[in-house]
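J.: One line per chain: the protein sequences are S and Y, in this order. Per our numbering: the first sequence = residues 1 to 409. Per our numbering: the second sequence = residues 1 to 409.
These are computed hints drawn from the structure, not numbers from a lab. Treat the hints with care, since some could be wrong.
What the hints assert, rightly or not - The calculated DMTMM-like cross-link candidates involving lysine to aspartate or glutamate, where the alpha carbons are at most 25 Å apart (straight line), are:
#  : chain 1 : residue 1 : chain 2 : residue 2
1  : Y       : Lys73     : S       : Asp269
2  : Y       : Lys136    : S       : Asp269
3  : S       : Lys164    : Y       : Asp6
4  : S       : Lys302    : Y       : Asp6
5  : Y       : Lys20     : Y       : Asp293
6  : S       : Lys287    : Y       : Glu56
7  : S       : Lys73     : Y       : Asp269
8  : Y       : Lys73     : S       : Glu43
9  : Y       : Lys136    : S       : Asp118
10 : Y       : Lys267    : S       : Asp6
What the hints assert, rightly or not - Residues from chain S shown here face chain Y by an in silico Cβ test under 7 Å; the list is partial:
#  : residue
11 : Leu5
12 : Ala61
13 : Gln262
Given the structure is predicted, the values throughout are model-derived calculations rather than measurements. We put the CB at the ideal spot given by N, CA and C, even for glycine.
As a plain string of letters, each chain reads:
Protein chains: 2
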Amino acid sequence: MAIDLDYSSLLRSNLPAPAKRWGGFPPFNFVGGNNDAGSVPVEDMIAATASVLRREGTTLATYGMQSGPLGYKPLREFVANKLAKRSSMTVSPDNVLITSGSNHGLELVNLILCQPGDTVLVEQFSYGSALGRLRKHGATPVGIQLDDSGMRMDLLAVKLAELKAQGVTPKYIYVIPTVQNPSGSIMPETRRHELLRLSEEYAVPILEDECYADLLWDGERPPAIAALDGGNRVIHVGSFSKSIAPALRVGYVAADWAVISQMLACKNDGGTGALEQMMLAEYCATKFDNHIDTLCVTLKGKLDTMTEAVSEHFGTAAEFVTPKGGIFLWITLPDTVDTMKLAQAAAAEGIAINPGPEWASDAEPARSRFRLCFGSPTTEEIRDGVKALAEICHREFGVPVRGANIERR
Amino acid sequence: MAIDLDYSSLLRSNLPAPAKRWGGFPPFNFVGGNNDAGSVPVEDMIAATASVLRREGTTLATYGMQSGPLGYKPLREFVANKLAKRSSMTVSPDNVLITSGSNHGLELVNLILCQPGDTVLVEQFSYGSALGRLRKHGATPVGIQLDDSGMRMDLLAVKLAELKAQGVTPKYIYVIPTVQNPSGSIMPETRRHELLRLSEEYAVPILEDECYADLLWDGERPPAIAALDGGNRVIHVGSFSKSIAPALRVGYVAADWAVISQMLACKNDGGTGALEQMMLAEYCATKFDNHIDTLCVTLKGKLDTMTEAVSEHFGTAAEFVTPKGGIFLWITLPDTVDTMKLAQAAAAEGIAINPGPEWASDAEPARSRFRLCFGSPTTEEIRDGVKALAEICHREFGVPVRGANIERR
Numbered sequence: 001m002a003i004d005l006d007y008s009s010l011l012r013s014n015l016p017a018p019a020k021r022w023g024g025f026p027p028f029n030f031v032g033g034n035n036d037a038g039s040v041p042v043e044d045m046i047a048a049t050a051s052v053l054r055r056e057g058t059t060l061a062t063y064g065m066q067s068g069p070l071g072y073k074p075l076r077e078f079v080a081n082k083l084a085k086r087s088s089m090t091v092s093p094d095n096v097l098i099t100s101g102s103n104h105g106l107e108l109v110n111l112i113l114c115q116p117g118d119t120v121l122v123e124q125f126s127y128g129s130a131l132g133r134l135r136k137h138g139a140t141p142v143g144i145q146l147d148d149s150g151m152r153m154d155l156l157a158v159k160l161a162e163l164k165a166q167g168v169t170p171k172y173i174y175v176i177p178t179v180q181n182p183s184g185s186i187m188p189e190t191r192r193h194e195l196l197r198l199s200e201e202y203a204v205p206i207l208e209d210e211c212y213a214d215l216l217w218d219g220e221r222p223p224a225i226a227a228l229d230g231g232n233r234v235i236h237v238g239s240f241s242k243s244i245a246p247a248l249r250v251g252y253v254a255a256d257w258a259v260i261s262q263m264l265a266c267k268n269d270g271g272t273g274a275l276e277q278m279m280l281a282e283y284c285a286t287k288f289d290n291h292i293d294t295l296c297v298t299l300k301g302k303l304d305t306m307t308e309a310v311s312e313h314f315g316t317a318a319e320f321v322t323p324k325g326g327i328f329l330w331i332t333l334p335d336t337v338d339t340m341k342l343a344q345a346a347a348a349e350g351i352a353i354n355p356g357p358e359w360a361s362d363a364e365p366a367r368s369r370f371r372l373c374f375g376s377p378t379t380e381e382i383r384d385g386v387k388a389l390a391e392i393c394h395r396e397f398g399v400p401v402r403g404a405n406i407e408r409r
Numbered sequence: 001m002a003i004d005l006d007y008s009s010l011l012r013s014n015l016p017a018p019a020k021r022w023g024g025f026p027p028f029n030f031v032g033g034n035n036d037a038g039s040v041p042v043e044d045m046i047a048a049t050a051s052v053l054r055r056e057g058t059t060l061a062t063y064g065m066q067s068g069p070l071g072y073k074p075l076r077e078f079v080a081n082k083l084a085k086r087s088s089m090t091v092s093p094d095n096v097l098i099t100s101g102s103n104h105g106l107e108l109v110n111l112i113l114c115q116p117g118d119t120v121l122v123e124q125f126s127y128g129s130a131l132g133r134l135r136k137h138g139a140t141p142v143g144i145q146l147d148d149s150g151m152r153m154d155l156l157a158v159k160l161a162e163l164k165a166q167g168v169t170p171k172y173i174y175v176i177p178t179v180q181n182p183s184g185s186i187m188p189e190t191r192r193h194e195l196l197r198l199s200e201e202y203a204v205p206i207l208e209d210e211c212y213a214d215l216l217w218d219g220e221r222p223p224a225i226a227a228l229d230g231g232n233r234v235i236h237v238g239s240f241s242k243s244i245a246p247a248l249r250v251g252y253v254a255a256d257w258a259v260i261s262q263m264l265a266c267k268n269d270g271g272t273g274a275l276e277q278m279m280l281a282e283y284c285a286t287k288f289d290n291h292i293d294t295l296c297v298t299l300k301g302k303l304d305t306m307t308e309a310v311s312e313h314f315g316t317a318a319e320f321v322t323p324k325g326g327i328f329l330w331i332t333l334p335d336t337v338d339t340m341k342l343a344q345a346a347a348a349e350g351i352a353i354n355p356g357p358e359w360a361s362d363a364e365p366a367r368s369r370f371r372l373c374f375g376s377p378t379t380e381e382i383r384d385g386v387k388a389l390a391e392i393c394h395r396e397f398g399v400p401v402r403g404a405n406i407e408r409r
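Using the sequences and the hints given, assemble the complete structure.
T.: What follows is the structure, given as structure tokens:
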């Protein structure tokens, strides 16, 4: 039935283009925060759901169960315990807000702080969806260069001073300090203190995104920025998407009540799904640590497969720092490669990658970089997909000149 | 730890007041779309979750499972079947979008259609949260008077003509035709056709909210407006909050792809909770109809208790039409009663009610009306709460003059 109403004059101005019909996942899916299918703890989830529903299932009849608008209280208690144990934070469960994924937390931060014309400081390469949300709110993400230890504090200081001279106070500084997305770097504790000092000097809050921090398999995990002196200037965001499963849509915000109370006032979603919250609280209380240990072994194995495949097929053309955790590898190719074009050519052959410019405040420095996620594809898909991608890249850009010790045509 | 950052200069302008700490539900809770706790099908939910997770649990590792951004496909298929059976609609599962509650659907409609200054036509008494959302988007809800058959078409025609003369095209007409919220009326089929005719004449889409329509225990259920000729001008919204449980946060939108595709483009939440979607699809496929039958008996029993209690304690001071379904009773008191003040006095004594002005496009005609929800409280709470409310009303306004055949002091 054709629609007999012309919506074009009714739609709000400046809408994005309408979505296209979903065509399924591409055969080689190296994008998105997807995870290892075999690591989903299915039987334990079933047992946890049965246990918690048998005990408290009738509370589903009320919005927020018996826990109020912050979210299911036993889950907030688990989050507070986890943040104490893994992030060295001291947080009351009453200052933890359960959100529908960490993106929902980022959205609430923007909702209370950002309006058109605002400036937000970000890592020069950063989470694409976070950058997109800022732009949607009319705010400008201004990038600060990264090195192997994360955001450079010398350049942040210069930018803050420069903005101050222009009368601009950035609304917040967005950082992913532990397993930075996309570079995978880990900001050392000393630099975290420097960041807090600058936050104090310029009276700018910090938005700390710790989405990937639980997936760390190598080296020490520094305390969260929110755990350090002055950490009450930090809005701390995390997620169960990477540690348990993304389709659950459960994340959290831990922050001062001044922030949480304002978020609550703007939040009108009726809460996050009850089954996920209840199941996670029940499951994580006893199983979280072991699950993470096992998951990290699996992810490290997939990363090894991916770095081997990239080295084999791209040779020295692909530069990267092997991350100590997470689910993605950030790769720099020679300047001649335009990864936006590479992504397009790859998509046509069933390979999805994140071209650098989509993960950057400024497109130009990211032009020859791209991100490959390794959590979801099988080791075979990783090997075959990277090989095929190298072939496409060679065909389109003459890069790599040769791979696997075989001169390319 | 006191916060050492002054957020007042950082917060966005025009924010609502920050939320207060949640103090638990009041003893007599006659507000909110809460439901009967004993009717939550706990054991069947446990069985459904176990069954679907055992079969498909590993798909939780990917956003949207294997179903894409519209939501879990078996649930969309169930919704399409339910709409066919109960609402006489013909909808493809590929034009059904699963949302996190029906409010999320309403929000998406506003997101694609409304901007500041817009006009939306609504029933003069309507769902408070929907009215609040419109105002938040800067749109003005303009109310059309109701009678016992819902929105009056003669007055809608006049208003549409009047707006047209002013060069104003309303963005949509929002109606709750089956168990209207709050009045409980059911719009007859003939009037639905009239509404569609006006929608065509003025090229204005209809937003049909069928949230309560499955909870109908008396009389014929007319076809949804979306099911009738010209129904492709209707954006149809529904929910599992009232039929199964509100804490699940699952609703849906059924509409033309022109609408759904634009909603998808604006939607960036990563989808609705997977466990709820999977559990509901599994559970509802075989249990929905029986569950609704049983639930309706329970709800009708609670309504009977409430109408008896209201008649006993308010006497002829309280006028109402007994609804044929739903979870609320809409009551008109004498003009001397200000229900905003009544609600405040009642809240101080642990009784929560919805004062009329919060459920109205214009406060004045709703001044002496209020809404009592009966789904969640026990029959004892209904009896005791209504009695206590009548005493408060008598004390504050001298209304009722007498009740229960006892002259009041």
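J.: Does each hint hold? Answer for all of them.
T.: Here's how the hints hold up against the structure:
Taken as a hint, the Y/Lys73 and S/Asp269 pair is honoured in the structure, with Cα atoms around 23 Å apart against an allowance of 25 Å. Among the hinted pairs, Y/Lys136 with S/Asp269 is consistent with the structure: their alpha-carbon atoms are about 14 Å apart, no more than 25 Å. Distance restraint check for S/Lys164 and Y/Asp6: the Cα-Cα separation of roughly 17 Å lies within the 25 Å cut-off, and the hinted pair is therefore satisfied. Proposed proximity of S/Lys302 and Y/Asp6 is contradicted: the alpha carbons are some 45 Å apart, above 25 Å.
Simply put, Y/Lys20 and Y/Asp293 have alpha-carbon atoms about 39 Å apart, too far for the 25 Å limit, and the pair is violated. Using a Cα cut-off of 25 Å, the hinted pair S/Lys287 and Y/Glu56 holds, with the two alpha carbons roughly 21 Å apart. Taking the CA atoms of S/Lys73 and Y/Asp269, the gap is about 23 Å. The hint holds against a cut of 25 Å. Distance restraint check for Y/Lys73 and S/Glu43: the Cα-Cα separation of roughly 23 Å lies within the 25 Å cut-off, and the hinted pair is therefore satisfied.
For the given pair, Y/Lys136 sits about 21 Å from S/Asp118 by alpha-carbon distance, which is consistent with the 25 Å threshold. Restraint check for Y/Lys267 and S/Asp6: the C-alpha separation of about 22 Å stays at or below 25 Å, so the hint holds. Interface restraint check for S/Leu5: the shortest CB-CB distance to chain Y comes to about 5 Å, inside 7 Å, so the restraint holds. Annotation: S/Ala61 was flagged as interfacial toward chain Y, and the flag holds, the nearest CB pair being 4 Å apart, inside 7 Å.
Here the hint on S/Gln262 is kept, as its CB sits about 5 Å from the closest CB of chain Y, short of 7 Å.
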